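With this note's numbering, letter number 55 in the sequence shown gets 174, and the count goes up by one each step, no holes.
Don't take every hint at face value.
[To be verified] With a straight-line cut-off of 16 Å between C-alpha atoms, the simulated EDC-like cross-links for lysine to aspartate or glutamate are:
(1) K186 x E176
(2) K146 x E168
(3) K167 x D142
(4) K186 x E163
(5) K189 x E163
(6) K157 x D173
(7) K189 x E176
Derived by calculation from the structure, the hints in this document are not laboratory data.
This structure is a prediction, so every number in the text was calculated from the model and none was measured.
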Amino acid sequence: VVATLEQGVDFVTIGRSAILHHDFPIKIMEDFEFEPVKCPVSTEYLTKEGLGPDFIEYMRRWPYFVKSEKAS
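Turn these sequences into a full structure, and let the hints steer you where they fit.
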């Protein structure tokens, strides 16, 4: 990431990471070694990051992105 930024690029593929961390651009600029949370993540986690129920449901289409929540 650092080498690419030094070439003048603003950010490198922030889409997925920005979904997982609403403040991803700030986190990576403050710490170039910042590691995004590993997937799959819970719906509770995504809600805390600002995703709404409809978008979370859409994200279930991405393999291994949202944890499967089985009724107990």
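Next on the checklist: Next pair to validate is K146 with E168; report whether the Cα-Cα distance is within 16 Å.
Outcome noted: holds (14 Å)
Checklist entry - Going straight from one Cα to the other, do K189 and E176 come out at no more than 16 Å? => result Distance of about 15 Å is within 16 Å: holds.
Checklist entry - Would the pair K157 and D173 pass a check requiring their Cα atoms to be no farther apart than 16 Å? => result violated (22 Å)
Next on the checklist: Check the hint pairing K186 with E163 against an upper bound of 16 Å on the C-alpha distance.
Outcome noted: This hinted pair holds, its Cα atoms lying about 10 Å apart.
Checklist entry - Does E163 lie within 16 Å of K189 when you go C-alpha to C-alpha? => result Between K189 and E163 the Cα gap is close to 14 Å, so the pair holds against 16 Å.
Checklist entry - Is K186 within 16 Å of E176, Cα to Cα? => result Judged against 16 Å, a Cα distance of about 11 Å means the pair holds.
Next on the checklist: Run the distance test for K167 versus D142: straight-line Cα separation, threshold 16 Å.
Outcome noted: With Cα atoms ~12 Å apart, K167 and D142 stay inside 16 Å; holds.
Comparing the model with each numbered hint stated earlier shows that hint 6 is the single one that does not hold.
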